[in-house]
Structures are given as C-alpha cells and as structure tokens.
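Visitor: These are the residues of each chain, in order.
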Amino acid sequence: MAGAAPSTAARSRSGKTEVASAGLQESRLVRIFLIAVALLFICVVLILPLITVFEQAFRKGADVFIAAITEPDALSAIRLTLITALIAVPCNTIFGVAAAWAISKFRFRGKQVLVTLIDLPFAISPVISGLIFVLLFGAKGFFGPFFIERDIPIIFAVPGIVLATIFVTFPFVARELIPIMQAQGNQEEEAAVSLGANGWTIFRRVTLPNIKWGLMYGIILCNARAMGEFGAVSVVSGHIRGQTNTIPLHVEILYNEYQFAASFAVASLLVLLALVTLAVKGYAERKHEQARLDIEPQGGS
Amino acid sequence: MYIEVKELVKTFNGHKASDRISFGIRKGSLVGLLGPSGGGKTTILRMLAGLETPDSGEIYIDGKLVNDVPPQKRGIGFVFQNYALFRHMTVFDNIAFGLTVQRRKKQEIRERVTELLELTGLTGLERRYPNQLSGGQRQRVAFARALAPEPQLLLLDEPFAAIDAKVRKELRAWLRSTIERIGITTLFVTHDQEEAVEVADEIMIVNGGRIEQYGTPYEIYKHPQTPFVAGFIGESQLLDDPGSLTGYEDVKAGSKAIIRPEFTEVGHYGELSAPHAAQAGQVQNVMFRGNSWQVEVRCGHHTIHAYRSLEQKQLKPGDDVWVLIHRLYLFDDGESYVVENAKKRSEAAATLTHSAAL
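Sequences listed follow chains X and W, in order. The opening residue of the first sequence carries number 1 in my numbering; numbering runs sequentially from there. The opening residue of the second sequence carries number 1001 in my numbering; numbering runs sequentially from there.
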C-alpha cells in the first residue's frame, strides 16, 4: 500500500497536466477559424498588394513593362536613386559605426543627448525632414543665398535629395550597432590594447568582426530606406523629370498621369528591392543571432 | 625594486578606488592582491597595465616612469577575469594576436604559438573557437595569449573566479608551477584567501583603496598588522573586553582582541595541556568540519570557537568544559601585537613544546 500511494499520486499528477494542456487547446473549429483569420489578414494586407504590383505591371504585356523601365526618364530616376543610395549609405555607415563606437566604448558628457539625437529622424515626419532642408538651403533659407551666389544648387537638385536621404536614414546603422556593442563591452578591445594593438588594428581585427552581421543588417535597412524614401525627397526634389526624380517620385508621377502599367512596372523594381532586402536581412539576422548567442557561453560560464 | 608605485590615487565618481597607494615589487616575485570585492585590487592592476589613468601618483617599471607610456608599449601581459578571448578567432589566432600586431615572421609566430600550446597543454585545440572550450581551457588560452609577446610583467585579474571549484584547484597548482618555470614577475588579484596563500609568494592585502599589509602569507598570518587583516586572513573572531579571560588579566580595558580557533584548546579539565590557564565554559554547539569538530563554547559573556580532534571524545551541547586560549592578537591605538597566555608562561617545558607545535 505504502509503495502504491506515491505512484498513484504521480499518475494523478501527470493526469492533471494532461488535462491542463488539453485545457489550453481550443476546439478544432475555433483553431481553424483563428488560423483562417490570420491567413486572410496576411493575404489581404501583405501578399495581395505584392501580387497586384506585378499583375498590374505586366497587365499590358512584357513589352510595355520593359518600355516603362527603359524609357529615359525611368532610367534617369533609377540612376538618381542609385547615386543617392551610393552616397547616403556609406556616409551613414561611417557615421553609424563611429557613433556606436563612441557611445558604447567610452564615457563622456552628453552621451544620452547624442543617443536621443540619433533617433530624431525617426521621430520627425519625413515631410518635415524635407522642409528643414528647404528652410536651410532654399532661396530665402539660412545657407541658401551663400550657395545660390556661388551657383551651387542644393534644393530642387541632387545635393538636396542626397542630404534629405542622409537625414532620414541617419539612425539605421547606429541604432543597430549600439545595443550589440554595449552587450559585448570593451574587454576584447582592452585585451587587444594590452597585446600591443593600435586603434585601427583593434577596430579592424577585433571590433569589426564582432559586429559585422549587425552592421550588415543596419546597412541593408539603411539602403532599403534610402532607395524607397518618398516624403522628404519629394519636398526637396522639385520633381523635374529626367533630372531630380527618384524611383518613388517617378512612380507617383506616372500614376498621377494614369499610366498605371508603367507606374506599376517601375514600382515593381522597388518591390523587387524590398524582397531582396528581406532575403539578405533574414540571412544577416540569423548570422547575427548566432553571433549573439556566442557571447553567452563565454560571459556566462 | 622592479615595480615601484608611489602615492597612486584614483577616484571613480567620488569613490576612492585607490587612496595614495605605494608599494614595491621585486623582479620575479609572484604577488597576490587579496581583499574584499570593491576594495580597489583590480583598479591597481588596471593602472599598472595602463588601462586606467591614475589621478595622481607615479608608476615605475624597471626604473622607468610609465605614467605616459600607452598600454600598448608597456610590455605587460594581462589576463582578464572573463578572459576576453577574441570570440571570432581560433585558439591559434588568439594566442598569435600579440605577435601578429608586431608583424613577426609567420614561421616565428607558428613556433612561438606551438611552444605556448605545449606549455599550456592545449595542443590539438588550436582550431577551436573560444565558445567550444571549457572554462579551464579558456583560461589557459588567455594565459598563453598574454604570454605570447614575452611580456616582462604578467597581471591576472581574478584568474580563477569563473572556474568551478574542482578544476580551480588543479589550475592553481599548474599556474603556480608554470609561472615559476618561466620566472616572470606576476601580480594576480583574488578575493579568496585560500587561493592567495596557495599561489602567491607574497600577499598584498588591499581594502578600501589602501594596502593594509604586504608580506609572505605566513608573516601575514602570524603578525597581522591591522584588525582587518587579522579578520580577513584565517578564521578569526573579534572579542571585546579580553581582560576578562583567564591568562589575560593584565590587558588594558577597552582594547580589542582577535582569536583564532587554532589558538584555543577545548576539553575536559584533564585533557588540556595547561588546565590552570583555562576557564570553565559550557558547550553551545558542535559542528563537524570534515577533519575536526568545531566547538562553540560559552565562557561568561564570551562565545569562543575552538577545534577538537576527531580522535578525542565527542562533546555534546550542554557539556561542562574548559577552554584554554594560548594567545590572542591585541589591537590598541592602531598598534597590533601578540599576547601569550600569562598563566601558561609560568608553566614548564611541556607547554612550550605544545605551543611550538601550533
């Protein structure tokens, strides 16, 4: 009897757990309903628009599609978008790494202010971001007359578009790196210093390899935003066809002119970019996650 | 003196981590910085390595003022508490790092790393990454990495803190013998007195940003200069009013004393070596300590701890016993001295041989 008692108790306990976990299970009908709602939502909000873009783009056939993206104005918009990203992304990468390095590895006055300032572009509406530059560099702006006198166009020209893009995509790299670098601390850098390495060697051989996946992730996000930015760029661009139109602006113009097929054809380029970004992002994120997990056993044991 | 530190001050947000510290260390010695956490041990180490800049004071290494020498140029090996291994580098690359930044020849690097792998017993693990190693192995990689550029001084910050107790014991003996073999001047930080006594030739007791005492472990145990040291090294217990104890009637009132369990004898009247110098008491508690009994005895208003051999008859709480206190440390106006039991001193040779055995 004495031996049987605990086993009965164990059985009843395990029985209870089963009941408990069964209690968490909804009935079949409810489950199907909930899954269906979720799927429907994803389809309507995410997948359908994606398909629509391509469906609309090819509605009038591949010829129209190709013509739409190879006409001079479209090519010019693509070129400008690439140039903008090519300038803005490296700038913000360098800035982001420098800011993250300073914030995570050093103690200094006004650090918290800097962290907050980095987030500023996220907090401001892109239209306002664009306006800031118009106010600064416009004909009646603060710096405007200086540049206009010297015949250097900023607003309604490429420099303005680049500046607005840099401003809007400013936080991406830094935001991505700061938490990683803070979690890693600076012990490895100190070890490198005590082994005789100078600043550049430490950055290249110790810091950079530790943050590379996070950095990659930040650059990808920064690039996606730089190419896709509409609001801020729209304000400073002036929408001069073949000169100051980026892809998003070109799409809008075509759409407003009822050239739906052409508009969606150009838009599909941005969608493709988004898909590539997602794929690379997924890969970088996985690697980044792994790298983060690698910190655990070393610090934890 | 190989290392000479003068009046070193370092303050963190108003907290004095180093309060006018001065000391000298001979070349080739193995010194343990011992003290409670937050006492300033690591700060001293980091200032020596150049990872922290002192607010004032001077550091000389080998006769040269190094205050303005950057850490890269000091030629100091540093082993960090969590080892700070380069996580994306293999064991080989970790150890080779200090040599590659010096742009040594490939062949030379390979030879030196192989030699260190052998020295640290890591041969065969050179392709592994830090996260594929055990705690003890990581510590040895950190050790090998610090030694690779052939530093003149090795600093270790809590080298055994992150290792489990069993491996720790092994590693201590290994580290000591390896350092002796290489003959490198070494400073290590620990908060574990057993570790300090076991590994170090000399111990520096650091507390509250000051050095309480510096000497060999035996000296420090035998002649603690401050109540803090007496309390920190060995097992000890603080007694107020030592004048009320048998044999210490001459002690000035108001002074404080520290006694150690190994200074006391407890037992029935006939068992003691000098029973006339003992006082009566009652057993409060008896604890088994693995190799002896620890007996807690109430004598008047004192509670005294003593060890009792397992060979002797077991005592039980409530037993009436006698307690003999051979000696105690007395602290009086910042002075410290050892006071022997006065009643015992008049005794014959038998007692002397006994206390000599202690």
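Everything labelled a hint here was simulated from the structure, so no lab data went into it. We put the CB at the ideal spot given by N, CA and C, even for glycine. Some hints could be false.
[As the list claims (entries may be wrong)] Covered by chain X, per the in silico footprint, the following chain W stretches (three or more residues, Cβ under 8 Å):
#, stretch
1, 1010-1019
2, 1097-1104
3, 1228-1234
[Claimed, not checked] Quick list of in silico lysine to any residue cross-link-like pairs, SDA-like style, CA-CA up to 25 Å:
#, chain 1, residue 1, chain 2, residue 2
4, W, K1106, W, R1128
5, X, K287, W, Q1282
6, X, K105, W, E1198
7, W, K1006, W, E1202
8, X, K287, W, R1087
9, X, K287, W, R1298
10, W, K1222, W, V1338
11, W, K1006, W, L1030
12, W, K1006, W, R1327
13, X, K287, W, R1127
14, X, K281, W, R1127
15, W, K1343, W, G1290
16, W, K1166, W, P1151
17, X, K111, W, F1012
Visitor: Against this structure, judge whether each hint is valid.
Guide: Cross-check of the supplied hints:
no., hint, in the structure
1, 1010-1019, "violated (count 0)"
2, 1097-1104, "holds (count 4)"
3, 1228-1234, "violated (count 0)"
4, W:K1106 <-> W:R1128, "holds, 20 Å"
5, X:K287 <-> W:Q1282, "violated, 68 Å"
6, X:K105 <-> W:E1198, "violated, 37 Å"
7, W:K1006 <-> W:E1202, "holds, 19 Å"
8, X:K287 <-> W:R1087, "holds, 14 Å"
9, X:K287 <-> W:R1298, "violated, 65 Å"
10, W:K1222 <-> W:V1338, "holds, 9 Å"
11, W:K1006 <-> W:L1030, "holds, 20 Å"
12, W:K1006 <-> W:R1327, "violated, 36 Å"
13, X:K287 <-> W:R1127, "holds, 20 Å"
14, X:K281 <-> W:R1127, "violated, 30 Å"
15, W:K1343 <-> W:G1290, "violated, 33 Å"
16, W:K1166 <-> W:P1151, "violated, 30 Å"
17, X:K111 <-> W:F1012, "holds, 18 Å"
Going down the numbered hints, you'll see the structure goes against 1, 3, 5, 6, 9, 12, 14, 15 and 16, while the others check out.
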